[in-house]
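Novice: Okay, here's what each chain looks like letter by letter:
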Amino acid sequence: MPTKIEKDALTGTNTTGHEWDGLKELNTPLPKWWLYVMYATIAFSAVWVILYPAFPFQGATGVTGWIAREAVVQDVAAANERMAPMMNRLRAATPQQIAADPELRAFAMAGGRIAFANNCAACHGAGGQGAVGGFPSLADDDWIWGGSYDAIHQTIAHGIRNEEDDEARTSMMPRFVADGVLTPAQVNDVASYVVSLAGDADPGQAAEAERGKPLYAENCASCHGDTGEGNRDVGAPRLNDRIWLHGADRHAIARFIANPRMGVMPAWAGRLDPATINMLTVYVHALGGGEN
Amino acid sequence: MKWFNHAKIETNLILMGVLTLITVSIGGLAQIVPLFTVATTIERVEGIRPYTPLELMGRNIYVREGCYTCHSQMVRPFRDELERYGHFSLAAESMYDHPFQWGSKRSGPDLARVGGRYSDDWQAAHLRSPRAVVPESIMPPYAFLDRPLAYADIAEHLKAQRAIGVPYTDAMIANARADLEAQARPEADPAAFQGRYARARQAAFDGDPAAVTEMDAVVAYLQMLGTLVQFRDVTPEQMRQQ
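Here the protein sequences come in this chain order: D and Y.
Our numbering applies: residue 1 is where the first sequence begins, and numbers increase by one.
Our numbering applies: residue 1001 is where the second sequence begins, and numbers increase by one.
It is worth saying that the hints were derived from the structure and are not from the lab.
One should not assume that every hint holds.
Listed next, the in silico BS3-like pairs over lysine-lysine satisfying Cα-Cα at most 25 Å (straight line) [claimed, not checked]:
#1 Y:1008 to D:24
#2 D:4 to D:24
#3 D:4 to Y:1008
#4 Y:1105 to D:7
#5 D:24 to D:7
#6 D:7 to D:32
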């Protein structure tokens, strides 16, 4: 029991009244502002429990009837209504029409930039620059499946070699060594010839490239073209330029021929609004390589 | 208030005991009572299934590597979240998570709906070297995941999950090892595996169909996140908590 509460001369604060071998302890009160803030939060929580859903029981809502899920649905609906005039126009127009109309185009470029950053940039890069390993650049004019508005729209909406969309673009390069079509030595020869197609022939590899030429004509030319010009109908990339999907050196090319990994892109038609896909089409077309 | 003060409480053992009990009970009830109402507060939606053995191992690696310290797995019900990630998360979507991976910190993006958003190749390339594909990324590399997956005890993992309420059947446990291998090998016969785990994808997730690696498991897990509920087929009434 506190036996002797006394006022401390120095601070003017009472002691607790306890004394241990002459030691006494000040009983400093909590600051008033702090105490009242705490009382206020207690009162606030009592009001909150009445107004908002706070109990984990079936159908338990506060007197306001507010539910997070319904609130966000209304929020989204209100935003969609606000954007509807422009989104409806973007949905109804073709990408060509959007690009031709300055107002729609400005909106599509702004909206496309955001949608690209959110959905496309992970693989194709923040500026559409792509990445080594099968993630194509969208900022150049070296298109694998075509760079017209229609082709870009088709690629975005349905994707490439995915399992979710029946209209996905698809093609398959043989696994030349894994499937036993060519020997590793022959693949090296073909790789040397392919490098020479791009104008990067190594004089030390001239004999290999010479041996690779007929093998190329026999195995590769039907898709990639006699001079490596590529074929967009089957997504066979152009080989007679210096743009490489999986690395530029002869060994990377040989590895790919031996056991290719075909690129996969998801279909976005089910995930994104048709207006968003149109905006993305216009945006990607404008990144640098759009064709008419 | 002379009759009820600290001096009185502190010197009366019974009074102190009773008041302590009341205080602890309030805190305890707030944590325990919700557990009794889980059955009525989790909505019932089509499509939710337990993790396949390979996905479960991937999830274990996800927890082991502490992915949750930077990635949340819950799309909260705000419009900006819905715009970025997709439909808000449902309680049912993490009902077989022990423990759940909702998280509260996002140094990286939310992963609740990352499944199918990128290709398997991208997921593997990104885990091996995040900056090779996303130059501005601050994620550490996980190239070491290209090592063989230790799954000799996979059936035990399923049994442990069943003990805490995940409805793995006897057939799932008996075939755990076969199912794990079947999912990582695209050429394996899908009939039995797909019969036990509806709409689970079979693929060479890490690009190599020959060996089952930790990379296979993690990519398989990431690629199924948020894909079980087909939101096109779910009505708002079904999603209301029942």
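Novice: Against this structure, judge whether each hint is valid.
Specialist: These are the hints, each one checked on the structure:
For the suggested pair residue 1008 of chain Y and residue 24 of chain D, the alpha carbons sit about 20 Å apart, so the restraint of at most 25 Å is met. At roughly 10 Å between alpha-carbon atoms, residue 4 of chain D and residue 24 of chain D fall within 25 Å of each other, so this suggested pair holds. Proposed proximity of residue 4 of chain D and residue 1008 of chain Y is supported: the alpha carbons are some 16 Å apart, at most 25 Å. Taking the CA atoms of residue 1105 of chain Y and residue 7 of chain D, the gap is near 49 Å; set against the 25 Å cutoff, the hint is violated.
Distance hint between residue 24 of chain D and residue 7 of chain D is fulfilled; the C-alpha atoms sit about 11 Å from each other, no more than 25 Å. At most 25 Å may separate the alpha-carbon atoms for a hinted pair to count; residue 7 of chain D and residue 32 of chain D meet this at roughly 19 Å.
In this structure, the one hint that does not hold is number 4.
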